[in-house]
Amino acid sequence: QKEVEQDPGPLSVPEGAIVSLNCTYSNSAFQYFMWYRQYSRKGPELLMYTYSSGNKEDGRFTAQVDKSSKYISLFIRDSQPSDSATYLCAMRKSGNKLVFGAGTILRVKS
Amino acid sequence: SQTIHQWPATLVQPVGSPLSLECTVEGTSNPNLYWYRQAAGRGLQLLFYSVGIGQISSEVPQNLSASRPQDRQFILSSKKLLLSDSGFYLCAWSVLGDSNEQYFGPGTRLTVT
Numbered sequence: 084q085k086e087v088e089q090d091p092g093p094l095s096v097p098e099g100a101i102v103s104l105n106c107t108y109s110n111s112a113f114q115y116f117m118w119y120r121q122y123s124r125k126g127p128e129l130l131m132y133t134y135s136s137g138n139k140e141d142g143r144f145t146a147q148v149d150k151s152s153k154y155i156s157l158f159i160r161d162s163q164p165s166d167s168a169t170y171l172c173a174m175r176k177s178g179n180k181l182v183f184g185a186g187t188i189l190r191v192k193s
Numbered sequence: 026s027q028t029i030h031q032w033p034a035t036l037v038q039p040v041g042s043p044l045s046l047e048c049t050v051e052g053t054s055n056p057n058l059y060w061y062r063q064a065a066g067r068g069l070q071l072l073f074y075s076v077g078i079g080q081i082s083s084e085v086p087q088n089l090s091a092s093r094p095q096d097r098q099f100i101l102s103s104k105k106l107l108l109s110d111s112g113f114y115l116c117a118w119s120v121l122g123d124s125n126e127q128y129f130g131p132g133t134r135l136t137v138t
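In order, the protein sequence lines correspond to chains S and X.
Residues in the first sequence are numbered consecutively from 84, following the working numbering.
Residues in the second sequence are numbered consecutively from 26, following the working numbering.
Among the hints, erroneous ones may be present.
So the derived label-pair ranges between C-beta atoms look like this [unchecked claim]:
| id | chain 1 | residue 1 | chain 2 | residue 2 | range |
| --- | --- | --- | --- | --- | --- |
| 1 | S | Arg124 | X | Gly52 | 20 to 28 Å |
| 2 | X | Val37 | S | Asn110 | 31 to 39 Å |
| 3 | S | Ser177 | X | Ser102 | 25 to 33 Å |
| 4 | S | Gly178 | X | Pro131 | 20 to 28 Å |
| 5 | S | Gln163 | X | Val120 | 26 to 34 Å |
Hint data in this document are derived by calculation from the structure and do not stem from the laboratory.
Since the model is a prediction, treat every value here as computed from it, not as a measurement.
Positions of the beta carbon are idealized from the N, C-alpha and C atoms, including for glycine.
If we strip away everything but chain S, and leave its shape as in the complex, we get (with noise of 0.2 Å):
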């Protein structure tokens, strides 16, 4: 069983809907949660991090995460077409390595 579990979609949404991108983890030992977003031939760049259960809020991006579920979401409000790029969620325990999963490939259509 793979540590981290992500759908890797693609989801195909139209222009200025709510998306809700997902992962599930199995080791309780994760304490930080992180989204990155990767554009296609770039390498990723982080969009929010989140350390407690609850919801985190950037602009159009909301962060849940429910430690009693072993599960964290991502939330799109009013997506755009710019938005169409694949979204890894990633862990940590403590230290200084990350464990990502297999990323959820987003497609925005206008």
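Fit chain X to the given chain S structure using the hints.
Using the frame of chain S, we list chain X on its own:
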């Protein structure tokens, strides 16, 4: 501001040939450095990380090696490439110590034929 460079951007190599990929970081000192590989449809697999010059930790036993000859230079090497070494290789840096924020380079797409 900090910048991370990787080269080459694209590489096609025959099986059995050697490999050298280079990564350099500008605008920061004493960074943690990482090498990842991303296969098609899969997540990022951590290959090596380094917390200082000459200090390399290997995450996955395989056909590759890494070196850090200078503070902001990280090199990924192989003596003999295998078909399974094909993939997208990404270098990343973070500040020294524990950090959630890793900054990635543009990547090198390696095809072994």
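For each hint, the structure was consulted:
1. S:Arg124 x X:Gly52: 20 to 28 Å: 24 Å Cβ-Cβ, so the 20 to 28 Å window holds.
2. X:Val37 x S:Asn110: 31 to 39 Å: Holds - the Cβ-Cβ distance for X:Val37 and S:Asn110, about 38 Å, lies within 31 to 39 Å.
3. S:Ser177 x X:Ser102: 25 to 33 Å: 30 Å, holds
4. S:Gly178 x X:Pro131: 20 to 28 Å: Roughly 26 Å apart at Cβ, these two residues keep to the hinted range, so it holds.
5. S:Gln163 x X:Val120: 26 to 34 Å: 31 Å, holds
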